[in-house]
Each structure stands twice: as C-alpha cells, then as structure tokens.
Amino acid sequence: DARVTQTPRHKVTEMGQEVTMRCQPILGHNTVFWYRQTMMQGLELLAYFRNRAPLDDSGMPKDRFSAEMPDATLATLKIQPSEPRDSAVYFCASGNRAEQYFGPGTRLTVT
Amino acid sequence: GIQVEQSPPDLILQEGANSTLRCNFSDSVNNLQWFHQNPWGQLINLFYIPSGTKQNGRLSATTVATERYSLLYISSSQTTDSGVYFCAVVGGTSYGKLTFGQGTILTVHP
Chain A
1 DARVTQTPRH KVTEMGQEVT MRCQPILGHN TVFWYRQTMM QGLELLAYFR
51 NRAPLDDSGM PKDRFSAEMP DATLATLKIQ PSEPRDSAVY FCASGNRAEQ
101 YFGPGTRLTV T
Chain B
112 GIQVEQSPPD LILQEGANST LRCNFSDSVN NLQWFHQNPW GQLINLFYIP
162 SGTKQNGRLS ATTVATERYS LLYISSSQTT DSGVYFCAVV GGTSYGKLTF
212 GQGTILTVHP
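Residue numbers (this note's numbering), protein chains in the order written: chain A, 1 to 111; chain B, 112 to 221.
Quick caveat, the hints were computed from the structure, so don't treat them as lab data. On a predicted model such as this, the values are computed, not experimentally measured, just so you know. Ideal placement from N, C-alpha and C gives every residue a C-beta, glycine not left out. Where hints are given, some of them may not hold.
[Unchecked claim] Quick look at which bits of chain A chain B covers, simulated, 3 or more residues with Cβ under 8 Å:
| # | region |
| --- | --- |
| 1 | 47-59 |
| 2 | 87-99 |
| 3 | 102-110 |
My request is simple: use the sequences and hints to build the entire structure.
Shown next, in the form of structure tokens:
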C-alpha cells in the first residue's frame, strides 16, 4: 500500500530554532508538493518540484524557508529561524501529472 | 488565480441522511479532486474527477467542467463521514498546483 510518509509527525520548538521536515514521496511519482494548513489561510501551496527540480516556490517566505529534494526519495522543508506565525500543519504530497496523494502532515508549534 | 468556492460551509445530519456538497470554480481546470479530512487531520483522496461522474460505495461525484462546478453526493451518511470535505483544482496554467476551497464541515449525529 504505497503512501507518502512524513517525519516528524509533531514538532514543538522555540522561536528562533531551525526546523527540518522530511517527506518520502510515493515511489515513481515525479512531482512533490509542500502545502501548509492554518485556520486563517486554509490549505496553501508553498513549493513544488518536478523530477527533483524546483518549479515554483512563490508561496514560501524566502528569507526563512527553504525546500530541497536531494534525491528522488527525500524532500525537505526547512525553516530558519522559526517564528510563532509558522505554527501550522505542513503537508507533503506527491503525484504524476494528475492525482495528488497527501502525507499525514507535520504539526509544527513554535512557542 | 483560480477561485474555488464550496457550499455549504457547515452541514449537520442525522445518520442515514443524504447530502450534496457543491464546488464552484472560476476558470477551466485540468484536475479536480475531492478530499475528506478526518478528525485526525489526514487528507484522504475521495475522487479524481476533472469531468464526468464517478461512484465509490456510498459516495459519488459529478463534475460539469463546462459549467465550472462539481458535486459530491453522500448517501446513507454514517458518523464516520464526519470531518471536512475539500474540493481542490488545478487551473489551466497552474502546472499541477492545487488550489483548495475553504471546505464543508460535515457533522453526522447518531
């Protein structure tokens, strides 16, 4: 049963600390997405990659967020330094040209 | 960018009732998906349906792309159907980026 996996599932950190979230896409999917869900903004796209190349990161605050895909089985999203307004659930999704499948999310709390 | 509106925002049902959720979008789409976000926060794929009609058990969906709307039907609702239902679309020039509606919060009482 292929699925997207994300680690950690929960993260509590203090303001100013670095946070790294990891995602393993479904094997064979060539597109990986990072979304963020908050009560105020709902679900919004932060960045995505196709064949490991970044295609669009316009949804990300560039000064503190970075997304990479070092290989086909790993995507990372880093926040440095973290701020309380970054508290949200971060979802990774993967797909092949059409349907997207979401991971379980990382619930981030920045105090 | 493309706009996605879902209605109703909230829906309360008794177990066994039927319901229809609507998704309107402002432009042509390459992809339309319905998701159920369960109380644990997981986003579960229900349908990939850029056009036409599909059925899966008690759930079915219809997308009329030319009129820019999609409907999700839930029949004989169960308490496990509770959660938030999202419609999400990829606009014609969005290269895979899903734009989500605000969701319909469904509560099914026993």
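Examine the region 87-99 of chain A: at least three residues should have C-beta closer than 8 Å to a C-beta of chain B. holds (count 7)
Mind checking, does the region 47-59 of chain A have 3 or more residues with a CB under 8 Å from chain B? Held - the region 47-59 of chain A has 4 residues with a Cβ nearer than 8 Å to chain B, which meets the minimum of three.
At a Cβ distance under 8 Å, does chain B reach at least three residues of the region 102-110 of chain A? holds (count 4)
When the structure is compared with the earlier hints, no violation turns up for any of them.
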